[in-house]
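Note that the protein sequences, when read in sequence, are chains H and V.
Last residue of the first sequence: number 335 in our numbering, and the count goes up by one each step with no gaps.
Last residue of the second sequence: number 437 in our numbering, and the count goes up by one each step with no gaps.
Because the hints were derived from the structure by calculation, they are not lab data.
There's no promise every hint is true.
[Said to hold, decoys possible] Residues from chain H that face chain V, not an exhaustive set, calculated with beta carbons under 8 Å:
#, residue
1, 84
2, 87
3, 280
4, 299
No residue lacks a Cβ here, since even glycine has one placed at the ideal position from N, Cα and C.
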Amino acid sequence: MPARNNTAALPVAAGGGGLRLRQPLRRLFLKSAGDAQSESGLKRAHFQEWRLPFWLLAPQLFILLLFFFIPSIRALIQAFQLTDPFGATTQWVGFQNFERLFRSSVYWSSAQVTLIFTIAQNVLTLSIALLLAFASNHILRGRGAYRTVLLLPYAVAPAIAGIMLAFLFNPRVGPVAHMLQGLGLDWDPNRNSWHALSLIVMAASWKHICYNYIFLVAALLSVPQSILESAYLDGAGPVQRFLRISLPMITPTLFFLIVINFVYGLFETFAIVDATTRGGPAGATSILVYKVYQDGFVTLDLGSSAAQSVVLMALALLLTFAQFRFVERRVNYSV
Amino acid sequence: MRRFYGVLAGAGAMLLAGLSSAQAATEIEFWHAMSGALGERVEELVKKFNDSQTEYVVKAIGKGTYDEVLNGTIAAYRAKRQPEIVQSNERSFLTMVNSGAIVPTSELMAQQGHPIDASQFIAPVVSYYAIDGKLQAMPFNSSTPILFYNRDHFKAAGFDKPGATWQELEPQLDAIKAKGVSKCAMVLPGDYEWSFLENYSAVNDIPYATKRNGMDGLDTSYVFNKGKLVGQVERMKRLVSSGVMQLAGQGIIPIQLFTSGECSTIIASTASHAAVVAAAKFDWSAAELPYEQGVTPKNSVIGGAALWTLKGHTPEKYKAVAAFYDFLAKTDTQVWWHQATGYVPVTTAAYEAAKAQGYYQKNPTREIAVVQLMRGTPSDNSLGFRIGNSNQINVAIMEEVSAAFLGKKPVQQALDDAVARGNESLRRYEQLNAGKK
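My request is simple: use the sequences and hints to build the entire structure.
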């Protein structure tokens with residue numbers, strides 16, 4: 001249990017610095033981070049006494065405790081143990097699990113796959129979302145309909161998206177695969193690691209383009225019309241206006257999305273991998289978070305799985321830190 | 001939050017169920033991993049038992065795949081909410097035996113006054129599930145791999161039936177592809193570690209691991225990276241890279257590629273009979289596993305699962321479990337189960353009864369697995385496998401072997417790496433379970 005809860009909760013910590021967050025958990029993190037920074041406005045006026053805020057926070061803190069802190073601590077403990085799945089025998093083994101992990105070539109190749117996967121997924125998602133946002137911003141008729149259609153994939157459960165793509169691209173029976181083979185490409189994600197990797201990149205991006213798209217559309221709308229109009233009068237075409245004016249002005253959103261996409265790619269893509277390729281062929285798509293699941297829940301190697309989730313947790317903390325430290329500082333928020 | 005409500009709803013449902021059955025019969029839970037047609041058969045089986053008497057009610061609950069059932073059981077056991085009976089695959093034998101969470105079946109049956117004689121079960125089942133003649137689990141669904149083939153395809157390619165040895169079968173498969181009869185002469189099953197490697201070593205009488213494949217102790221080591229097994233993986237690789245043997249991949253299960261008529265052959269569990277009978281719209285048949293030329297083939301080994309009784313329940317519940325097991329071991333039940341599912345009859349009496357009915361004259365392919373399991377005298381290499389951390393090692397071996405298929409490494413190196421990874425897991429299992437069987 002700890003391993004899974006843990007990874008599910010990680011994005012909370014990593015994404016906490018972002019601005020538009022949906023889940024109550026995230027809101028909590030954001031609020032407390034904000035409190036530390038400023039003592040002004042709403043807070044000072046309404047919450048002079050500690051009890052009310054405490055009780056308002058308590059339910060969420062309780063959930064956080066239950067689903068994040070307790071599992072994380074248990075994972076941390078388990079990372080230093082060798083244990084029978086049923087808990088009959090437990091031995092303290094110090095850093096043996098970590099040593100085994102870092103000695104294992106399989107783990108390093110998984111890390112390498114993860115790096116390629118997250119970067120490719122990030123680039124693909126962001127560029128397509130940007131293209132769509134740019135295009136749909138220039139459509140006047142039926143803009144709402146386009147937007148709705150573009151947002152639909154977000155409502156599809158990752159497992160269903162994964163199975164659908166696996167089927168469409170299955171080299172024996174998939175219609176898209178047959179099309180690719182018709183074009184002369186020897187498409188076979190069962191025997192070609194790059195094909196398999198590109199398949200999960202596609203699946204993960206397809207699911208996440210919508211999320212990026214919403215933010216980009218909102219950001220583009222906030223670009224002041226006056227500047228765009230004056231550029232128009234100066235003779236700048238739509239592409240030039242987009243590249244020279246809109247794009248620089250939405251950098252905060254872009255940076256936010258890059259971080260979110262990394263977090264998504266690192267921690268939330270497990271279901272897609274499980275449904276699309278199951279980490280195969282030969283570990284070619286076994287990204288780190290999928291390995292945590294596979295080692296913990298399929299092969300019952302709890303010690304190693306816990307050690308891996310601790311490593312991932314450290315990575316998430318590092319990402320959050322980097323975001324606060326470097327990214328937030330450089331981005332221009334004055335739009 | 002959703003999870004939270006789920007827990008609440010679950011607790012409420014349990015409370016209601018508890019109230020309604022309080023004064024009725026003793027109810028026990030049976031978690032299983034059978035889905036689709038097989039899941040329906042389990043429901044029928046349980047209904048037969050429930051209708052046959054009034055004291056006990058068995059509730060069958062499907063919990064997904066074998067892995068998911070085991071995971072669910074572990075989580076439930078740790079939370080002290082385990083079911084009475086759980087179905088777990090043959091691979092998890094040592095995990096279950098050494099879990100400290102089970103009541104050995106022999107012990108349970110003796111205590112409840114239904115002493116069970118291990119010798120009533122067929123030999124390959126006993127050698128797998130009994131330690132020193134004492135059954136640890138209740139044999140339930142046992143299978144073994146056989147070769148299913150599309151007779152239309154074989155006829156079209158000019159063959160009567162598949163050859164008995166690999167040396168005869170391979171050119172046939174090549175010909176089926178070359179003559180354009182089918183683009184896929186064979187489809188690789190998802191559990192090929194079991195059907196193509198473990199069973200291959202049993203049938204051809206070569207050691208897979210030392211200490212009689214782990215039967216003699218936890219200090220066993222893998223040795224399959226030499227001799228015939230290297231040749232077998234080379235053969236598989238050749239078949240895969242020439243496109244004669246195809247991989248199903250995700251999105252479709254291998255047996256579907258056979259039943260749809262796309263692939264001409266598949267080596268699959270005899271339990272696939274259910275799927276083949278239901279879906280195959282062509283003239284199909286089955287044959288025994290191919291073996292190496294010049295070898296007198298030994299028995300194959302079982303797969304499938306057994307029922308484990310979990311600790312921590314009241315004597316009344318165990319009485320119900322024993323009554324259910326007693327019902328399962330009955331010849332009538334066994335014959336029905338065997339014919340309804342395609343699994344082998346686990347008792348000798350059930351096999352004899354099915355034979356006496358003339359069942360195998362009408363359904364010759366149903367007997368192949370039984371005959372194959374019982375042929376010859378089991379050697380040290382064909383007794384079965386008793387491997388710790390088996391799920392883990394299975395994944396590692398398949399990963400390495402498929403790396404060889406992909407051409408990422410040479411076959412020999414892939415097998416060396418598989419052995420090294422397997423042995424590392426074995427040593428870890430030995431370290432954790434020092435002093436156990």
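Comparing the hints with the structure gives:
| no. | hint | in the structure |
| --- | --- | --- |
| 1 | 84 | holds, 6 Å |
| 2 | 87 | holds, 6 Å |
| 3 | 280 | holds, 7 Å |
| 4 | 299 | holds, 4 Å |
Every hint, counting from the list given before, is met by this structure.
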